[in-house]
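The residues making up each chain are set out below.
Number of protein chains: 2
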Amino acid sequence: MRAMDAATAAALAALVRNERVAALGTLRAGAPDVSLVAYLPAPDFSSIRLRLSRLAWHTQDLRCDARASLAIIQADDGRPDPQTLARVTLRGEAAPMPDADREFMAVKTAWLARFPESAVTFELADFSFWSLAVRDARFVAGLGRTHNLSAPDLTRAALA
Amino acid sequence: MRAMDAATAAALAALVRNERVAALGTLRAGAPDVSLVAYLPAPDFSSIRLRLSRLAWHTQDLRCDARASLAIIQADDGRPDPQTLARVTLRGEAAPMPDADREFMAVKTAWLARFPESAVTFELADFSFWSLAVRDARFVAGLGRTHNLSAPDLTRAALA
Numbered sequence: 001m002r003a004m005d006a007a008t009a010a011a012l013a014a015l016v017r018n019e020r021v022a023a024l025g026t027l028r029a030g031a032p033d034v035s036l037v038a039y040l041p042a043p044d045f046s047s048i049r050l051r052l053s054r055l056a057w058h059t060q061d062l063r064c065d066a067r068a069s070l071a072i073i074q075a076d077d078g079r080p081d082p083q084t085l086a087r088v089t090l091r092g093e094a095a096p097m098p099d100a101d102r103e104f105m106a107v108k109t110a111w112l113a114r115f116p117e118s119a120v121t122f123e124l125a126d127f128s129f130w131s132l133a134v135r136d137a138r139f140v141a142g143l144g145r146t147h148n149l150s151a152p153d154l155t156r157a158a159l160a
Numbered sequence: 161m162r163a164m165d166a167a168t169a170a171a172l173a174a175l176v177r178n179e180r181v182a183a184l185g186t187l188r189a190g191a192p193d194v195s196l197v198a199y200l201p202a203p204d205f206s207s208i209r210l211r212l213s214r215l216a217w218h219t220q221d222l223r224c225d226a227r228a229s230l231a232i233i234q235a236d237d238g239r240p241d242p243q244t245l246a247r248v249t250l251r252g253e254a255a256p257m258p259d260a261d262r263e264f265m266a267v268k269t270a271w272l273a274r275f276p277e278s279a280v281t282f283e284l285a286d287f288s289f290w291s292l293a294v295r296d297a298r299f300v301a302g303l304g305r306t307h308n309l310s311a312p313d314l315t316r317a318a319l320a
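From first to last, the protein sequence lines stand for chains A and B.
So the first sequence is numbered by the numbering used here: it starts at 1 and just counts up by one.
So the second sequence is numbered by the numbering used here: it starts at 161 and just counts up by one.
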């Protein structure tokens, strides 16, 4: 464990911005469950936005227990040692976002720029934005290079 | 939800065999946590083998509560809609495997064939194999193509 230098912070910011999907951990009947989600980071990484269907298991899970863990993992590029792939786990609580306020419009615009194919979800009543408020994070920049981060550490990496 | 046809079963088997890393969900102080692991499926998919360091958080978690969820997600290839990526979540209980019996040697050989760079972990005392015994699974072959599977369903896909 150590403080992040500038290059490490830049690698973290690139990972969070460049990947598009993540593994969402929720509680289901008291046991962990993991599923795929598309995500959009807030510009300052203080929260991560998800667009969830109320029909999905993970959404049902979050309505029962807001605690969530989101692992953003560098896509496997076939390198000899996949343990060197960069990844960060963000932990916090998730809550649905209000529909149709000013923040909703900004998030919708950014979401559609990142996921143009998801336009249809804005015509379906069962989808809404959720925001995962990040409490802390664990960044593994590569084998043995682990950084435990607070939410302010993450924001410093986002704004560097 | 529907039974798997032959093409879907083949897609599931290819996903489990071709990916090398997965997102492991464990319980940490009662909350979900997700981390990256390399994995090796048993030939019949009845269990998934992991090589874990006892120093890692997820290993500490599994020693407290064996329940685990492992999401194997097709690596993002930059397609327009990442929600169409195939993924399967395997749920069950994880336990350490005995060292140095005949099964250990077979798993070690297969592990080194898949992860040659991990040879060093066989010289370190803190690594051991764990086996996630699969109880059930959820396969999302693509948007809206979800299959809830029993362990025997998975084995049928493995042996097809």
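You may find that some hints are simply not true.
[To be verified] Far from chain A, some chain B residues (derived; all Cβ distances over 12 angstroms):
id, residue
1, A167
2, A170
3, A174
4, D204
5, W217
6, D261
7, E263
8, S291
9, S310
10, A311
11, A320
[Claimed, not checked] Covered stretches of chain B, going by a simulated chain A footprint (3 or more residues, C-beta under 8 angstroms):
id, region
12, 176-182
13, 207-213
14, 269-275
Rather than coming from a laboratory, the hints here were simulated on the basis of the structure.
Every residue gets a Cβ at the ideal spot worked out from N, C-alpha and C, and that includes glycine.
Status of each hint after checking the structure:
1. A167: The assertion about A167 of chain B holds, with a minimum of 21 angstroms to chain A.
2. A170: Answer for A170 of chain B: holds, closest chain A Cβ roughly 20 angstroms.
3. A174: Given a closest Cβ separation of 15 angstroms, the condition holds.
4. D204: 22 angstroms, holds
5. W217: Non-interface label fails for W217 of chain B: nearest chain A Cβ at 8 angstroms, not farther than 12 angstroms.
6. D261: 25 angstroms, holds
7. E263: About 23 angstroms separates E263 of chain B from the closest Cβ of chain A, which puts it past 12 angstroms; holds.
8. S291: Non-interface label stands for S291 of chain B: nearest chain A Cβ at 17 angstroms, farther than 12 angstroms.
9. S310: 17 angstroms, holds
10. A311: 16 angstroms, holds
11. A320: Per Cβ check, A320 of chain B is outside 12 angstroms of chain A; nearest 24 angstroms; holds.
12. 176-182: holds (count 3)
13. 207-213: violated (count 0)
14. 269-275: It is violated: at least three residues are needed, and the region 269-275 of chain B offers just 1 whose Cβ sits closer than 8 angstroms to chain A.
Of the numbered hints stated above, those contradicted by the structure are hints 5, 13, 14, listed in ascending order.
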